[in-house]
Amino acid sequence: MKIFNTDLVIESKAGESVEIPINNKVTILTGDSATGKTKLIKFIKLLLSDSAEVRQTSIDNVCNKVIVCESKDEVLRLIKKKVYNKIIIIDRFDIMSSDKKIIEFMKESSNIFIVAAHKDFEQCGYSTDSMLGLKHDGINYKAYKLFETPADYMTNKEVLI
Amino acid sequence: MLSIYTSKDIAIEHSKKDIVPDIDKRFLLRLTDANKDTLYNDIISTKILETIEGMTARKENGYITAKFGDVQLRDISTGGKALLLATKFNNEFIVTIDEMGYNCIYLLFEICKNLDIEVISTRILYHMKDDFVAMVNGKKFCGDEITGEMERWLNEDI
Chain A
1 MKIFNTDLVI ESKAGESVEI PINNKVTILT GDSATGKTKL IKFIKLLLSD
51 SAEVRQTSID NVCNKVIVCE SKDEVLRLIK KKVYNKIIII DRFDIMSSDK
101 KIIEFMKESS NIFIVAAHKD FEQCGYSTDS MLGLKHDGIN YKAYKLFETP
151 ADYMTNKEVL I
Chain B
1001 MLSIYTSKDI AIEHSKKDIV PDIDKRFLLR LTDANKDTLY NDIISTKILE
1051 TIEGMTARKE NGYITAKFGD VQLRDISTGG KALLLATKFN NEFIVTIDEM
1101 GYNCIYLLFE ICKNLDIEVI STRILYHMKD DFVAMVNGKK FCGDEITGEM
1151 ERWLNEDI
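These protein sequences, in sequence, are chains A and B. Residue 101 in this note's numbering sits at position 101 of the first sequence, and the numbers go up by one each step. Every position in the second sequence, counted from 1, becomes a number in this note's numbering once 1000 is added.
Only chain A is shown next, with the shape it has when bound in the complex:
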């Protein structure tokens, strides 16, 4: 699997920004309920709709086009359209992680995925290196490397923002 080393930065003209490190094809934004995962994704969608600038901090990047999916139907539509070379951000991935069609799409396509989920992804066979937590300082969001294993994550109560 290709390894990347870059940060995805989405920044509006007014200075609001989101920064997410991308090291793998699939990056998992994780955290308990009400920690801001959906909020972050809605914020990204808002920034993109306000013609925010999308850039990456290294030349490793695949492309700067970001697509946000908030439901399973939206992801299935992308599969139908055969979308490629995009950064696809998916909310509520827990309910999609057992869908073989979606998993196949994530494995086979040339897209990079950032997904928001709760679950311990050992069960799904994903690398836990790509699990990220969130920080929010009122105007900017930053994702950060969380813990080494899902078990650490589950037993640590300090993951809340």
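Among the clues, some could well be false.
Straight-line alpha carbon distances no greater than 27 Å define the calculated DSS-like cross-link-like pairs of lysine-lysine that follow [to be verified]:
1) B:Lys1067 - A:Lys42
2) A:Lys80 - A:Lys101
3) A:Lys86 - A:Lys45
4) A:Lys72 - B:Lys1025
5) B:Lys1140 - A:Lys45
6) B:Lys1067 - B:Lys1016
7) A:Lys100 - A:Lys82
8) A:Lys100 - A:Lys25
9) B:Lys1008 - B:Lys1139
10) B:Lys1059 - B:Lys1016
11) A:Lys101 - B:Lys1113
12) B:Lys1140 - B:Lys1008
13) A:Lys101 - B:Lys1059
14) A:Lys86 - A:Lys107
15) B:Lys1059 - A:Lys42
16) A:Lys100 - B:Lys1025
17) B:Lys1059 - A:Lys72
18) B:Lys1025 - A:Lys45
19) A:Lys25 - A:Lys86
20) B:Lys1047 - B:Lys1113
21) A:Lys81 - A:Lys107
22) A:Lys72 - A:Lys13
23) A:Lys107 - A:Lys25
24) B:Lys1059 - B:Lys1047
25) B:Lys1008 - A:Lys72
26) A:Lys81 - A:Lys100
27) A:Lys100 - B:Lys1008
28) A:Lys42 - B:Lys1025
29) A:Lys101 - A:Lys82
30) A:Lys65 - A:Lys81
31) A:Lys65 - A:Lys80
32) B:Lys1036 - A:Lys42
33) B:Lys1025 - A:Lys80
34) B:Lys1088 - B:Lys1016
Simulated from the structure, these hints should not be mistaken for laboratory data. Small disclaimer: the values here were computed from a predicted structure and weren't measured.
Chain A is fixed; fit chain B onto it per the hints.
The following block gives chain B in isolation, referenced to the frame of chain A:
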């Protein structure tokens, strides 16, 4: 007591309650303009809103002051919505807890000590307290036995 089913089909076999297919939509359908100030005003719902959403105050028109500022009840987290539906309408609904974070799940375990709640979980639940008792697909287990039984059912599916 908490009853866990490891698939929708098993839940249908054991229970006549309605399985909620989409938490957000069902939550919205139950939250009407007429009841939005009163529906989740009971002790358990308030505890959920305070613990999960960080609610510090209620405002008019279904708004609450939570950790991300003033939000309507319809805009709280999916995990919070699932927990509210599971507890408030425990006689009507079976919800899927796959979209709940562990903070919601631990609170659900506490609430279940005094309330019968049925849920579907397609992920294995870990870190059970030794004295915690739950039904898994119709059989009673306690502590780590619950995890073991869930592993048995869910790994079979894989």
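Here is what the structure says about each hint:
For a cut-off of 27 Å, the pair hint linking Lys1067 of chain B to Lys42 of chain A stands: about 16 Å separates their Cα positions. For the hint pairing Lys80 of chain A with Lys101 of chain A, the CA-to-CA distance comes to about 11 Å; that is within 27 Å, so the pair holds. About 15 Å separates the Cα atoms of Lys86 of chain A and Lys45 of chain A, which keeps this hinted pair within 27 Å; it holds. A threshold of 27 Å between alpha carbons decides the hint, and for Lys72 of chain A with Lys1025 of chain B the separation of about 14 Å falls inside it, so the pair holds.
For the proposed pair Lys1140 of chain B and Lys45 of chain A, the alpha carbon gap of about 45 Å is over 27 Å, so the pair is violated. Proximity of Lys1067 of chain B to Lys1016 of chain B is assessed by CA-CA distance (about 37 Å); at most 27 Å being required, the pair is judged violated. Between Lys100 of chain A and Lys82 of chain A, the direct Cα distance comes to roughly 16 Å. Compliance with the 27 Å bound is thereby established for this hinted pair. Among the hinted pairs, Lys100 of chain A with Lys25 of chain A is consistent with the structure: their alpha-carbon atoms are about 17 Å apart, no more than 27 Å.
For the proposed pair Lys1008 of chain B and Lys1139 of chain B, the alpha carbon gap of about 17 Å is at most 27 Å, so the pair holds. A threshold of 27 Å between alpha carbons decides the hint, and for Lys1059 of chain B with Lys1016 of chain B the separation of about 37 Å lies outside it, so the pair is violated. Under the criterion of a C-alpha separation no larger than 27 Å, the hint pairing Lys101 of chain A with Lys1113 of chain B is inconsistent with the structure, at around 39 Å. A hinted pair counts as satisfied when its Cα atoms are at most 27 Å apart, and Lys1140 of chain B with Lys1008 of chain B qualifies at roughly 19 Å.
Annotation: proposed proximity of Lys101 of chain A to Lys1059 of chain B is violated, straight-line Cα distance about 44 Å (limit 27 Å). Among the hinted pairs, Lys86 of chain A with Lys107 of chain A is consistent with the structure: their alpha-carbon atoms are about 14 Å apart, no more than 27 Å. Between Lys1059 of chain B and Lys42 of chain A, the direct Cα distance comes to roughly 24 Å. Compliance with the 27 Å bound is thereby established for this hinted pair. For the given pair, Lys100 of chain A sits about 24 Å from Lys1025 of chain B by alpha-carbon distance, which is consistent with the 27 Å threshold.
At roughly 33 Å between alpha-carbon atoms, Lys1059 of chain B and Lys72 of chain A are farther apart than 27 Å, so this suggested pair is violated. With a C-alpha separation of about 21 Å, the suggested pair Lys1025 of chain B and Lys45 of chain A falls inside the 27 Å cut-off, and the hint holds. Pair hint Lys25 of chain A plus Lys86 of chain A holds up; C-alpha atoms about 11 Å apart against a cutoff of 27 Å. Straight-line distance between C-alpha atoms of Lys1047 of chain B and Lys1113 of chain B comes to about 15 Å, which keeps the hinted pair within the 27 Å bound.
With a C-alpha separation of about 16 Å, the suggested pairing of Lys81 of chain A with Lys107 of chain A holds against the 27 Å cut-off. Taken as a hint, the Lys72 of chain A and Lys13 of chain A pair is broken in the structure, with Cα atoms around 31 Å apart against an allowance of 27 Å. Taking the CA atoms of Lys107 of chain A and Lys25 of chain A, the gap is near 9 Å; set against the 27 Å cutoff, the hint holds. Using a Cα cut-off of 27 Å, the hinted pair Lys1059 of chain B and Lys1047 of chain B holds, with the two alpha carbons roughly 16 Å apart.
A C-alpha spacing of about 18 Å is found between Lys1008 of chain B and Lys72 of chain A, which places the hinted pair at or below 27 Å, so the restraint holds. For the hint pairing Lys81 of chain A with Lys100 of chain A, the CA-to-CA distance comes to about 17 Å; that is within 27 Å, so the pair holds. For a cut-off of 27 Å, the pair hint linking Lys100 of chain A to Lys1008 of chain B stands: about 17 Å separates their Cα positions. Straight-line distance between C-alpha atoms of Lys42 of chain A and Lys1025 of chain B comes to about 18 Å, which keeps the hinted pair within the 27 Å bound.
The hinted pair formed by Lys101 of chain A and Lys82 of chain A meets the criterion: a straight-line CA distance of about 12 Å does not exceed 27 Å. Simply put, Lys65 of chain A and Lys81 of chain A have alpha-carbon atoms about 15 Å apart, close enough for the 27 Å limit, and the pair holds. A hinted pair counts as satisfied when its Cα atoms are at most 27 Å apart, and Lys65 of chain A with Lys80 of chain A qualifies at roughly 18 Å. Pair hint Lys1036 of chain B plus Lys42 of chain A holds up; C-alpha atoms about 24 Å apart against a cutoff of 27 Å.
As the CA atoms of Lys1025 of chain B and Lys80 of chain A are separated by approximately 25 Å, the hinted pair is consistent with the 27 Å bound. Restraint check: the Cα-Cα separation between Lys1088 of chain B and Lys1016 of chain B comes to about 17 Å, which is no more than 27 Å; the hinted pair holds.
Consistency note: the structure conflicts with the earlier hints numbered 5, 6, 10, 11, 13, 17 and 22.
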